[in-house]
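Engineer: Sequence:
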Amino acid sequence: MKTLCVILVIMLLIPSCIVMAAEEDLKTLIDECVDGQKTILGVPGEDLLDKKELLPAGSSISDWSAFAFALAGAEDDYGAYIRELEKYVTGQYKENGVLDNIKSTEYHRIALTVLALGGDPTAFGKDGSGNPVNLIADGTYNFHGESLGLQGLNGWIFALITLDAMDYSVPEGAKFTREDMLSAILEAQEPDGGFGLSEGASSVDITAMALQVIGPYRDREDVSLAIDKAVDYLAGQMSESGFYISYDVISAESSAQVIIGLCSSGIDPEKDERFTKNGNTIVDNLLSMRLPDGGFAHSPGDSEGDPMATQQSMMALLALDRLRNGEEEIYSFVSYVPPEYPAGGGTTVIIICAAAAVLAAAAVILIIKKTRGKKNV
25 MKTLCVILVI
35 MLLIPSCIVM
45 AAEEDLKTLI
55 DECVDGQKTI
65 LGVPGEDLLD
75 KKELLPAGSS
85 ISDWSAFAFA
95 LAGAEDDYGA
105 YIRELEKYVT
115 GQYKENGVLD
125 NIKSTEYHRI
135 ALTVLALGGD
145 PTAFGKDGSG
155 NPVNLIADGT
165 YNFHGESLGL
175 QGLNGWIFAL
185 ITLDAMDYSV
195 PEGAKFTRED
205 MLSAILEAQE
215 PDGGFGLSEG
225 ASSVDITAMA
235 LQVIGPYRDR
245 EDVSLAIDKA
255 VDYLAGQMSE
265 SGFYISYDVI
275 SAESSAQVII
285 GLCSSGIDPE
295 KDERFTKNGN
305 TIVDNLLSMR
315 LPDGGFAHSP
325 GDSEGDPMAT
335 QQSMMALLAL
345 DRLRNGEEEI
355 YSFVSYVPPE
365 YPAGGGTTVI
375 IICAAAAVLA
385 AAAVILIIKK
395 TRGKKNV
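Residues in the sequence shown are numbered from 25 upward in steps of one, following the numbering used here.
Hints were generated in silico from the structure; no laboratory data involved. Be aware that one or more of the hints could be misleading.
Derived CB-CB ranges, DEER-like [said to hold, decoys possible]:
no. : residue 1 : residue 2 : range
1   : Gly69     : Arg107    : 40 to 46 Å
2   : Glu297    : Asn120    : 28 to 34 Å
3   : Asp243    : Lys295    : 39 to 45 Å
4   : Glu196    : Asn155    : 17 to 23 Å
5   : Asp191    : Asp272    : 36 to 42 Å
6   : Gly69     : Glu170    : 44 to 50 Å
7   : Asp256    : Glu170    : 30 to 36 Å
Below, computed lysine-lysine pairings styled on DSS-like, alpha-carbon distance capped at 30 Å [unchecked claim]:
no. : residue 1 : residue 2
8   : Lys76     : Lys111
9   : Lys51     : Lys118
10  : Lys127    : Lys150
A virtual CB, placed ideally from N, CA and C, is assigned to each residue, including glycine.
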């Protein structure tokens, strides 16, 4: 009887051990993505975000890399990056009066990066008159253009993602409401269930991004139906080998975006059979493009890591980790804790603190010696 009890206990513990191992593997993979990105950009083992010649603040790959690093909890010089980003915003406003005349996603990307780094996008940088810039207002409900979708559907998508990031309220009389944004996205769904930058052109990446924003609204019946159709479309676009093809080549970025979209909709891509082909899940296929240094190639067989593929793959793994831990979606910052060194950098702050501690200790020893000397006199 005693032996039987022991066996039963072991059997009960095995599944939880497997889950814990899987979660640990995800965290290890995410950490290695950080190392891989640094290796790809030529600064292995160093801070990356203070290298403005490699990652100029305000560019797409730079901002999204800083965003992913922060969510991954990597130690880096976030303070250096956010200062450069603020300079960029101030410079754009003083020179042009806006960040961009057409692309609202310029506001969205920067606002989300500021949130990830622990800043406040409602007062970030200065305009030409010296007033604080409100990236949330200017990029979403009070965007200066005729439509948030001037550049395509992704403008509407990321406007709502940004507005929902901290559940920002929309003031009365605003140019665009939250419902305007959601309706514009839902109305753009194609008969095949997909979404595209423009009408009649469904694409995997834009469909995945649409899922990323409508997924949290899945309790609404109309949204739930739209999600089902979009997920079916994405499942149907997988090649027989289980990969996604973008511009005639297999793309790690497309698989990463689909994983983020599924996770945002509450779907574990490794547990949904529609995203498994020949025994390999969409996550398996993404990981097959992972290189020994932790970075990701753009396509299978590529020998060099790609910064965008690595950054987007890192975000996909982060989204999966959050889903499995019951945490908020990757673009939600309501319960988010910013990085440990948001205002001064990782290694830099540690060195400064260590130096300060040494100096303080030396000062204490000196005072003690002087005090003892006076007593002896």
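Engineer: Gly69 and Arg107, beta-carbon distance inside 40 to 46 Å?
Structural biologist: violated, 23 Å
Engineer: Is the straight-line distance between the alpha-carbon of Lys51 and that of Lys118 30 Å or less?
Structural biologist: Not OK: Lys51 and Lys118 at ~42 Å, beyond 30 Å, violated.
Engineer: Between Glu297 and Asn120, does the beta-carbon spacing fit 28 to 34 Å?
Structural biologist: violated, 50 Å
Engineer: Falls inside 17 to 23 Å, the C-beta gap from Glu196 to Asn155?
Structural biologist: Since Glu196 and Asn155 have Cβ atoms about 22 Å apart, the given range 17 to 23 Å holds.
Engineer: Within 30 Å, alpha carbon to alpha carbon, are Lys127 and Lys150?
Structural biologist: holds, 20 Å
Engineer: Below or equal to 30 Å on CA atoms is what counts here, so check Lys76 against Lys111.
Structural biologist: holds, 12 Å
Engineer: Hint says 36 to 42 Å; check whether the CB-CB distance for Asp191 and Asp272 agrees.
Structural biologist: Because 41 Å falls inside the window, the suggested range holds.
Engineer: Between Asp256 and Glu170, does the beta-carbon spacing fit 30 to 36 Å?
Structural biologist: holds, 33 Å
Engineer: Between Gly69 and Glu170, does the beta-carbon spacing fit 44 to 50 Å?
Structural biologist: holds, 48 Å
Engineer: Quick check on a hinted range of 39 to 45 Å for Asp243 and Lys295, using CB atoms only.
Structural biologist: violated, 21 Å
Consistency note: the structure conflicts with the earlier hints numbered 1, 2, 3 and 9.
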